[in-house]
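K.L.:
Go ahead and model the full structure; you've got the sequences and the hints to work with.
Just so you know, the sequence shown maps onto residues 49 to 429 in this note's numbering.
Errors might be hidden in some of the hints.
[Claimed, not checked] Keeping only pairs whose Cα atoms sit at most 25 Å apart, straight-line, the calculated PhoX-like set for lysine-lysine is:
| hint | residue 1 | residue 2 |
| --- | --- | --- |
| 1 | Lys310 | Lys400 |
| 2 | Lys131 | Lys165 |
| 3 | Lys219 | Lys328 |
| 4 | Lys260 | Lys400 |
| 5 | Lys310 | Lys328 |
| 6 | Lys400 | Lys259 |
| 7 | Lys310 | Lys219 |
| 8 | Lys260 | Lys328 |
| 9 | Lys328 | Lys259 |
| 10 | Lys292 | Lys305 |
| 11 | Lys310 | Lys292 |
| 12 | Lys292 | Lys381 |
| 13 | Lys381 | Lys400 |
| 14 | Lys381 | Lys305 |
| 15 | Lys400 | Lys305 |
Keep in mind that the hints were calculated from the coordinates and are not lab data.
All values reported here derive from a predicted model rather than from experimental measurement.
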Amino acid sequence: MSKNNDVSVEHHDTLENLNKHVPLRDKLVTAHESIRQQFPFIARIAVTLYDQETRVLKTYLNTGDSMNLENYHQLIDNSPSLKALLDKGLPRVINNLLTFTEDEHDRTKRIARQGYKASYTLPMFNEGDFFGFVFFNSMERDVFTEAVLRQMDLYGHMISLMVINELSAIKTLTAAVKTTSQITHRRDPETGSHLDRMSRYSRLIASSIAKKYNLDDEYIEHVFMFSSLHDIGKIAIPDEVLLKPGRLTEEEIIVMKTHARKGREMIDDLVNNFGLHNIKHIDILQNIAEYHHEAINGTGYPEGRVQDEIPLEARIVAVADVFDALTSTRPYKQAWSNQQAIEVLLELAGEKLDRDCVNALINNMDEVEEIQRVFSENQYG
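P.N.:
See the structure below:
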């Protein structure tokens with residue numbers, strides 16, 4: 049009689065966290081821990097995102113102790129080696145960062161100054177469209193052999209798919225909102241250029257106050273992605289109020305003010321109807337839609353919140369929205385100059401608008417003017 053020698057062996061799946069409902073950052077940390085079991089010299093993984101319209105690379109997620117490498121963005125044209133990767137669609141191996149010669153503005157030198165000795169960079173594509181890079185950094189040099197690179201490629205593509213999955217859910221939500229707006233006959237008077245500008249002003253403000261408020265790149269990017277949806281509640285406002293060319297009556301003002309609460313309700317409905325519960329930081333979008341008309345002194349709506357009772361993301365978007373409204377042409381007014389708008393912002397700082405957010409915008413006017421140049425208005429806005 050033969051004896052059954054089969055033995056059931058318990059095995060711990062080092063990547064099981066990827067199947068859970070956890071933030072993308074936690075999944076990246078899980079992937080890093082799994083990599084280090086095989087390659088302990090991999091000290092850091094980082095993800096940057098690419099804005100095709102402005103050609104800017106932005107830090108998004110990273111693991112490891114690298115706070116000095118967060119909150120960074122630059123034109124890809126200012127990084128010749130990374131631009132070459134984009135043009136060729138090929139990865140890059142640097143086995144000794146100390147001997148790597150590159151433009152002084154290139155982020156690679158910043159990485160070297162943090163003590164990293166070697167780097168592997170993999171471009172990320174989604175259906176042929178470039179959308180960012182995955183970086184693997186090592187504290188040891190000459191470690192990225194062909195055998196190691198084969199494994200890094202597998203992990204790199206896995207990380208790329210995780211990022212795609214995360215961003216796709218957000219794009220689905222954004223598309224749902226835009227589709228709803230179009231169905232209602234393009235009723236919201238906010239132009240596409242206005243939304244492009246104010247979303248980038250919002251990102252600029254968030255980046256500028258990141259150190260003071262301990263904001264990470266993931267938060268900043270979500271403020272950027274969600275800020276353009278701030279006024280979706282206007283879809284629910286009647287035409288005779290929303291499109292009225294003259295001054296609103298007191299009763300009409302009350303109706304118009306309901307768009308903030310209606311916006312929050314619409315977002316909740318869209319999340320439920322499209323099954324988008326897995327979107328992380330959805331609270332940032334909810335807060336932006338509901339509270340971007342609150343005022344620091346408590347005179348805003350819908351709840352009359354004051355100071356820090358107003359979520360930071362709503363305070364950021366409020367400044368961006370007011371500034372662009374002032375500097376944009378509308379049927380009822382000409383565009384104000386940047387200097388005129390700055391003077392108004394300074395008057396409102398500490399009263400209606402958050403002072404830190406106001407200062408963050410006006411202290412970065414070079415970048416503001418570049419945003420205005422790239423997303424300038426035409427006869428259609």
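K.L.:
Give a verdict on every hint.
P.N.:
Hints, one by one, checked against the model:
A distance of roughly 22 Å separates the Cα atoms of Lys310 and Lys400; the hinted pair therefore holds under the 25 Å criterion. Of the pairs offered as hints, the one joining Lys131 and Lys165 holds, with about 22 Å between alpha carbons and a cut-off of 25 Å not exceeded. Restraint check: the Cα-Cα separation between Lys219 and Lys328 comes to about 13 Å, which is no more than 25 Å; the hinted pair holds. Between Lys260 and Lys400 the alpha-carbon distance is near 21 Å, which keeps this suggested pair within the 25 Å criterion.
Taking the CA atoms of Lys310 and Lys328, the gap is near 21 Å; set against the 25 Å cutoff, the hint holds. Under the criterion of a C-alpha separation no larger than 25 Å, the hint pairing Lys400 with Lys259 is consistent with the structure, at around 23 Å. Note on Lys310 and Lys219: the hinted pairing holds, with a Cα-Cα distance of about 21 Å set against a maximum of 25 Å. For the hint linking Lys260 to Lys328, the alpha-carbon distance of about 23 Å falls within 25 Å, and the restraint holds.
For the suggested pair Lys328 and Lys259, the alpha carbons sit about 22 Å apart, so the restraint of at most 25 Å is met. Only pairs whose Cα atoms come within 25 Å are accepted, and Lys292 paired with Lys305 is accepted, the gap being roughly 15 Å. Of the supplied pair hints, the one linking Lys310 and Lys292 holds, its CA atoms being roughly 19 Å apart against a limit of 25 Å. Simply put, Lys292 and Lys381 have alpha-carbon atoms about 14 Å apart, close enough for the 25 Å limit, and the pair holds.
Distance check on the hinted pair: Lys381 and Lys400 sit about 22 Å apart at the alpha-carbon level, within 25 Å; holds. Distance restraint check for Lys381 and Lys305: the Cα-Cα separation of roughly 21 Å lies within the 25 Å cut-off, and the hinted pair is therefore satisfied. Under the criterion of a C-alpha separation no larger than 25 Å, the hint pairing Lys400 with Lys305 is consistent with the structure, at around 16 Å.
This entry satisfies every hint, going by the numbered hints stated previously.
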